[in-house]
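Can you make the complete structure from the sequences, with help from the hints?
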Amino acid sequence: EAQVTQNPRYLITVTGKKLTVTCSQNMNHEYMSWYRQDPGLGLRQIYYSMNVEVTDKGDVPEGYKVSRKEKRNFPLILESPSPNQTSLYFCASSFHGQGQAFFGQGTRLTVV
Amino acid sequence: AQSVTQLDSQVPVFEEAPVELRCNYSSSVSVYLFWYVQYPNQGLQLLLKYLSGSTLVKGINGFEAEFNKSQTSFHLRKPSVHISDTAEYFCAVSERSGAGSYQLTFGKGTKLSVIP
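Heads up: the sequence lines are chains A and B, in that order.
Per our numbering, residue 80 is the first one in the first sequence, and the count goes up by one each step.
Per our numbering, residue 65 is the first one in the second sequence, and the count goes up by one each step.
Do not rely on the hints blindly, as some may be mistaken.
[Claimed, not checked] Some but not every residue of chain B turned toward chain A, in silico, with C-beta under 10 Å: (1) Val68; (2) Phe98; (3) Asn105; (4) Gln106; (5) Leu108; (6) Thr169.
[Stated by the list, open to error] Quick list of simulated restraints, FRET-style, between CB atoms: (7) B:Gln74 / A:Gln82: 27 to 33 Å; (8) B:Ile179 / A:Lys97: 43 to 49 Å; (9) B:Thr119 / A:Thr101: 37 to 43 Å; (10) B:Arg141 / A:Lys148: 23 to 29 Å; (11) B:Thr119 / A:Gln82: 39 to 45 Å; (12) A:Lys136 / B:Thr69: 22 to 28 Å; (13) A:Gly95 / B:Ser116: 44 to 50 Å; (14) B:Ser118 / A:Val93: 19 to 25 Å; (15) A:Pro87 / B:Ser73: 28 to 34 Å; (16) B:Tyr103 / A:Asn163: 24 to 30 Å; (17) B:Ser94 / A:Asp138: 30 to 36 Å; (18) A:Ser161 / B:Ile147: 38 to 44 Å.
[Claimed, not checked] One-sided excerpt, in silico: chain B residues whose CB lies under 10 Å from chain A: (19) Gln109; (20) Leu110; (21) Asn132.
FYI, nobody ran anything at the bench for these hints, they're computed from the structure.
For each residue, glycine too, the CB sits at the ideal point set by N, CA and C.
Written out as structure tokens, the structure reads:
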């Protein structure tokens, strides 16, 4: 089954404690991206990757890091989380970025 | 840079009534257009897409949308809604940006509430 898998689904952490949210897709997609969803703001792109070892900033990259060492994986790293990063995060993948995007189930992150 | 405006943040509608969710975009180049639906506690799934060809696009669950280039709109419609259509709907635009990549931009979403 074609899918994008994120882990964990829920995470509560404390300010400043480094965390990683994993994302994996099994569709051999070149393009992967991370979004955060906040009430009234819709989805905003954090980072995207066009292919292995190629990443670029989206609209709200501050406080986040990503890496793309393998085609299927695109982890999101918060080196020093802060309460304003409390949000619902989605990973997505697609062919080349212009077509249909497939989304993971989301990761609800709370930073206290 | 592109932007997407969903004109209504919330739309209440009675069951079996028709509904239209409005979406306008701004872009200086050719775009691809999408509608996604998000049910409670779930990720986004594709309802329909416009890539090229016929401007009237049919999607899943009886939804359709019409691409109007002159008005830069891509409104979503359904002739008769069901309780199960209660969800949040996102309009999205994909535009080619620098270095050969595509930027997918979402609207802020419209919450559709179907009233029994």
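Checked hints:
no.: 1; hint: Val68; result: holds, 8 Å
no.: 2; hint: Phe98; result: holds, 7 Å
no.: 3; hint: Asn105; result: holds, 8 Å
no.: 4; hint: Gln106; result: holds, 7 Å
no.: 5; hint: Leu108; result: holds, 4 Å
no.: 6; hint: Thr169; result: holds, 8 Å
no.: 7; hint: B:Gln74 / A:Gln82: 27 to 33 Å; result: holds, 31 Å
no.: 8; hint: B:Ile179 / A:Lys97: 43 to 49 Å; result: holds, 46 Å
no.: 9; hint: B:Thr119 / A:Thr101: 37 to 43 Å; result: holds, 40 Å
no.: 10; hint: B:Arg141 / A:Lys148: 23 to 29 Å; result: violated, 44 Å
no.: 11; hint: B:Thr119 / A:Gln82: 39 to 45 Å; result: violated, 32 Å
no.: 12; hint: A:Lys136 / B:Thr69: 22 to 28 Å; result: holds, 23 Å
no.: 13; hint: A:Gly95 / B:Ser116: 44 to 50 Å; result: holds, 49 Å
no.: 14; hint: B:Ser118 / A:Val93: 19 to 25 Å; result: violated, 53 Å
no.: 15; hint: A:Pro87 / B:Ser73: 28 to 34 Å; result: holds, 30 Å
no.: 16; hint: B:Tyr103 / A:Asn163: 24 to 30 Å; result: holds, 27 Å
no.: 17; hint: B:Ser94 / A:Asp138: 30 to 36 Å; result: violated, 21 Å
no.: 18; hint: A:Ser161 / B:Ile147: 38 to 44 Å; result: holds, 40 Å
no.: 19; hint: Gln109; result: holds, 7 Å
no.: 20; hint: Leu110; result: holds, 5 Å
no.: 21; hint: Asn132; result: violated, 20 Å
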